[in-house]
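J.: Under the working numbering, the first residue of the sequence shown carries the number 3, and numbering increases by one thereafter.
No lab work stands behind these hints, which were simulated from the structure alone. What you are looking at is a predicted structure, and each value in this text was computed from that prediction instead of being measured. Ideal Cβ positions, reconstructed from N, Cα and C, are used throughout, including at glycine. Be aware that a few hints might be false.
Stated by the list, open to error - What follows is a list of derived Cβ distance ranges for each label pair:
id	residue 1	residue 2	range
1	115	282	32 to 38 Å
2	281	44	37 to 43 Å
3	164	61	38 to 44 Å
4	195	383	33 to 39 Å
5	386	166	43 to 49 Å
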Amino acid sequence: METSKTMETAQAGQRRQPSQRSAEATEWIFQVLRRYGLVVVLIALALVFQLLTDDLFLSSRNIPVLLRQAAITGIVACGVCLVIVSREIDLSIGSAVGLCAISFAYLAVNAHWPIVLALVAAVAVGLLIGIWQGFLVATIGVPAFVVTLGGLLMFRGIGLVITGGNTISGLPPSVIWIGSGMLDATATIVFAAALLAIYVCVRALAGRLTVATLRRHWIQYLTALAIGVLAMMYLSTGPGLPVPVAILAIVGLVLSLLASDTRYGRQLYAIGGNREAARLSGVRVARNVFVIFCVMGLLYAVAGLVLVGRLNGAPPDGAPFLELDAIAAAVIGGTSLMGGVGRVGGAVLGAILIASVSNGLSLMNVNSFYQMVASGLILIVAVAIDIRSKKNHRTA
Numbered sequence: 003m004e005t006s007k008t009m010e011t012a013q014a015g016q017r018r019q020p021s022q023r024s025a026e027a028t029e030w031i032f033q034v035l036r037r038y039g040l041v042v043v044l045i046a047l048a049l050v051f052q053l054l055t056d057d058l059f060l061s062s063r064n065i066p067v068l069l070r071q072a073a074i075t076g077i078v079a080c081g082v083c084l085v086i087v088s089r090e091i092d093l094s095i096g097s098a099v100g101l102c103a104i105s106f107a108y109l110a111v112n113a114h115w116p117i118v119l120a121l122v123a124a125v126a127v128g129l130l131i132g133i134w135q136g137f138l139v140a141t142i143g144v145p146a147f148v149v150t151l152g153g154l155l156m157f158r159g160i161g162l163v164i165t166g167g168n169t170i171s172g173l174p175p176s177v178i179w180i181g182s183g184m185l186d187a188t189a190t191i192v193f194a195a196a197l198l199a200i201y202v203c204v205r206a207l208a209g210r211l212t213v214a215t216l217r218r219h220w221i222q223y224l225t226a227l228a229i230g231v232l233a234m235m236y237l238s239t240g241p242g243l244p245v246p247v248a249i250l251a252i253v254g255l256v257l258s259l260l261a262s263d264t265r266y267g268r269q270l271y272a273i274g275g276n277r278e279a280a281r282l283s284g285v286r287v288a289r290n291v292f293v294i295f296c297v298m299g300l301l302y303a304v305a306g307l308v309l310v311g312r313l314n315g316a317p318p319d320g321a322p323f324l325e326l327d328a329i330a331a332a333v334i335g336g337t338s339l340m341g342g343v344g345r346v347g348g349a350v351l352g353a354i355l356i357a358s359v360s361n362g363l364s365l366m367n368v369n370s371f372y373q374m375v376a377s378g379l380i381l382i383v384a385v386a387i388d389i390r391s392k393k394n395h396r397t398a
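Work out the full structure, taking the sequences as your base and the hints as a guide.
T.: Right, here's the structure in full:
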């Protein structure tokens, strides 16, 4: 009798094994799609536009233009990704970036300040904006939506007052190089190798890059390495790497390591996941939120300098809709508007996706109005897929 029961138990266990393996396989596929789905979409989109534009989209002439278009959005998207992770929001990005650009151009051109001093002043302006907004949100407790919406109007108004509604132009070539220059093939390879070395060293010192980690996430590392090698080979054989893209790579690397390999980054995710639980566990919520707004202030200045160099001037209205593009890039890249979830690398890919849509439609001579419609639809679909996948994941 006992023998028959034992045999029945063993047979039941054998029947459960296939279903368990099926569940594990489904979960693995879900994780792969969630992590690499945006890369697949980018590749598919590139192939479609390549066919529709008679091989212009992936040409060596267009790729640097595309990446340069994505750079400014990507720079601020890296920061706003972490702002949203902490369950806050920043609607002042376009106006703040514009004010930093105007401050730099006005001091360098109209006031005849040395370039270095004008640069320091622009960074100070961005940092002061971040301190101001961070203080109101973290210390006073004013909702970030209200603070940054007010900042959007206020900073744009200040920019219009300074410029009198006119574009400030006549910047020196060194500034234009920052927004429009290129790194040659040798500099591109050296730059990429330096970034890779910094990434490996920092992660190894933080104890995050071990043999066990490589075995567990080998697909992720192999995919990233393959994409990086192919991109560098392509750019090094062409005109080179645009300087704004190099700046984006530095910003993305620094903020990615900050988010994943530091105590501050882990606390930021904890705050976004459950603010009250984080506070009860000893996390200084107000200080961490204040710091991330200060980081955004620095990014305003960086993006403003790139904007000035790219346009060879500072427009009076700043960078209209940049905040919407940055938030859209972060959300498309997997950042949850509910907080606690998001990756800096995903935000960069989201910025490239938005720029790809705009660039591809422009090559097809599609009106810019329709480009805005397409970008809005992509954002809605990305959020809908994210919400749906989370519901299915909870149900499973």
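J.: Determine for every hint whether it applies to the structure shown.
T.: These are the hints, each one checked on the structure:
no.	hint	result
1	115 <-> 282: 32 to 38 Å	violated (49 Å)
2	281 <-> 44: 37 to 43 Å	holds (39 Å)
3	164 <-> 61: 38 to 44 Å	holds (40 Å)
4	195 <-> 383: 33 to 39 Å	holds (37 Å)
5	386 <-> 166: 43 to 49 Å	holds (44 Å)
In this structure, only the earlier hint numbered 1 is contradicted, and the remaining ones agree with it.
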